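Throw the hints in and build the complete structure from the sequences for me.
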Amino acid sequence: MPVLAMADRIYLDHNATAPLRPSAREAALEAMALIGNASSVHADGRRARAMIEGARREVAGLAGAAPRSVIFTSGGTEANSLALLGCGRPRLLVSAIEHPSVLAVRADAEAIPVDRHGVLDLSALEAMLDAGEEPAQVSVMAANNETGVIQPLAEVVRLAHGRCALVHCDAVQGAGRMALGDLGADFMTLSGHKLGGLQGAGALVVGDGIEIAAVQRGGGQELGRRAGTEALPAIAAFGAAAQACAGDDMATVAGLRDRLQEAMTAAVPGARVMGAGVPRLANTLAIAHPATRAETLVMAFDLEGIALSAGSACSSGKVGPSHVLEAMGEGALARNTIRISLGETTTADAVARCAEVWQALDRRLGGERSAA
Amino acid sequence: MNSLDLPGAPGATRVVVAMSGGVDSSVAAGLLVEQGYDVVGITLQLYDHGSAVGKAGSCCAGADIHDARRVAEHLGIPHYVLDYESRFRAAVMDDFADSYLAGQTPIPCVRCNQTVKFADLLGTARDLGAAAMATGHYVRRSQGPQGAELRRGAETGRDQSYFLFATTGEQLDLLRFPLGEVTKDAVRDHARRMGLVVSDKPDSQDICFVPQGRYAEIVAKMRPGAVQPGEIVDLAGNVLGRHEGIIHYTVGQRRGIGIAGEEPLFVVRLEPGTRRVVVGPRGALGSSSLTMREVNWIGPAPDTGRALPCAVKLRSAQPPIRATATSLGEGRARVDLATPAEAIAPGQACVMYDGDRVLGGGWIERRTAAGAAEAA
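In order, the protein sequence lines correspond to chains G and P. Each residue of the first sequence is one higher than the one before, starting from 1242 at the first, in my numbering. Each residue of the second sequence is one higher than the one before, starting from 3 at the first, in my numbering.
No lab work stands behind these hints, which were simulated from the structure alone. Since we're looking at a predicted model, the values are computed, not measured. The reader is advised that the hints may include incorrect statements.
To be verified - Far from chain G, by Cβ distances over 12 Å, these chain P residues were calculated:
id: 1; residue: Val42
id: 2; residue: Ala93
id: 3; residue: Asp97
id: 4; residue: Gly131
id: 5; residue: Ala156
id: 6; residue: Lys186
id: 7; residue: Arg190
id: 8; residue: Ala218
id: 9; residue: Ala222
id: 10; residue: Leu237
id: 11; residue: Ile259
id: 12; residue: Glu296
id: 13; residue: Arg336
id: 14; residue: Asp338
id: 15; residue: Gly357
Stated by the list, open to error - Computed from the model, here is a short list of chain G residues facing chain P with C-beta under 10 Å:
id: 16; residue: Ile1293
id: 17; residue: Thr1537
id: 18; residue: Leu1538
id: 19; residue: Glu1597
id: 20; residue: Arg1605
Note that CB positions come from ideal geometry on N, CA and C, so glycine has one too.
Next up, the structure:
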């Protein structure tokens, strides 16, 4: 079978990146038609500035924060670096299931364990906070990128603030898919392209009165907190996507995900859903095949025209074991787990086709197993 | 039957091509694409290129993986990189280091074919619904009365059948070698005609994870402290000098012993237990018989004890020698050579041929009938 034309493919990898929203595309095109540098004094510069400030209001609205709290960055990774390096607290506690862009920032970070459902262990966090004297920063994501499991942020904030610790929340996956306004974190990371904006813009939202030191230094952009000319088209698209995602029908997405989960578990006895018993993002399904490596499943789905993913892939496409599933205490099944992530544009047909391919692959693989 | 000896139209036949990023496997993929097959390229990440060449910071792909990806993109086929680092280390690199430390001269490429490419990767190809897996080896496969047969490549100078002696019948059923009938020059012509970026890429000379042939450095790095100095002795046990570790020597080696004598001295034997390098005159190198272990017969195995006339290759680049092979049972066999051969090195392969057909082969255990000057 020849490779399908891109138009016939089914995209179920929204946690990696989401398709560009029409309004974000329009905003980016409008920005690309401008000349100005937002720091310039002249009329052209002022137009660029106005566009950035418009986007800032939209992003602030998504985060439930004031516009001046929003620092635009090149993306989620840079925002995480800025939050953890710019905060200046001697102690850093991070959940064991954070994204590599949090885990890799400080070698001396202490890992907070999660339970077997992938939910942060609050009593462990409390004990860790109590065990140290030095001022601490805690970093816990809003929802996990691999399992979609939602973290108890309000409790984390309560425990941390009770001990004068600051809280950073990587909300890259949660944004647009769950309410962020009342999380109460002191720092929050957002990413434009996960919402349907362009790759190349993200933001760190910093709470009122919280100091942050610039990591990337130079000019005075972003109130001196992040130097460098703003990526105007990507920021404009980010703003438009932040506005548009408020209108997403997440209940429909959740319905499709649940239907897919039901069909897949019914088709393959022994298949297991990760984080099934706890609150999850409406769009994410992490499911393990009883006998097949995730890398094989990802290739087989791709050859059938369906894009999904496994573990975390580095730039060469090499797939490593998932630290998230390992932290949950998953053994062999961790290597067999694929991540399916839906979006606003995912159709019932796409989900049905995914379940169909899963069943057909299982039959093919199972047929060999019984023949062997 | 289509050109790969499979039922079904090429377009309905999925073929996984093991793409190394070199010109051979790239052309193998290209030829199958031209014939209309549903080609899927897979490249194995076998070792951390950065740590192998001693450079930090190169996370993943060496240049070869990058090349394979560009070729696949150019050919318009799906391409995947699979992480086989831990498998490769356990099955190939560890064996390589331990063999050298045991006084043997290993061939990691055979182990890699045996344990990684034709085992795990072939299984993945099957899982992807492939009807066949193709490689860029210069060997031929034909369908004989007793099943699939492995034959030497048409261009004798490029033949790689020596490295595939451990291929099983079951593996051979699924394997295809599109370059078996082609010459290297023709492969380069095909690559240029197809516009592949690798058309002028030099042939790889070294073992992939041993840059510039400096295998001793890799062994020393993998097994810290295991490389120990020892004595160089003659056949009578007289100490002639010292050495920095037996891994630096191979049976038959002349240069680099560092001892001036009346007649040239050669490495006759390596003794890992006493860490001695035994040297002697050229006459001590010859022997006319050897035993081998882990023997693989491609096709039916002969009855134990029955002598089978054949020709054998004791090194890849050596012409075949007339011999008889006798199965000893339990995966072992004895080979009696019609003319004595020099420098039979334990750890190398002895591969048996009937004309251009590979009968099988095994790992050289030891030579059994010693040359005139030595009693083994």
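* Asked: Which of the listed hints are not met by the structure?
  -> 1, 4, 16 and 19
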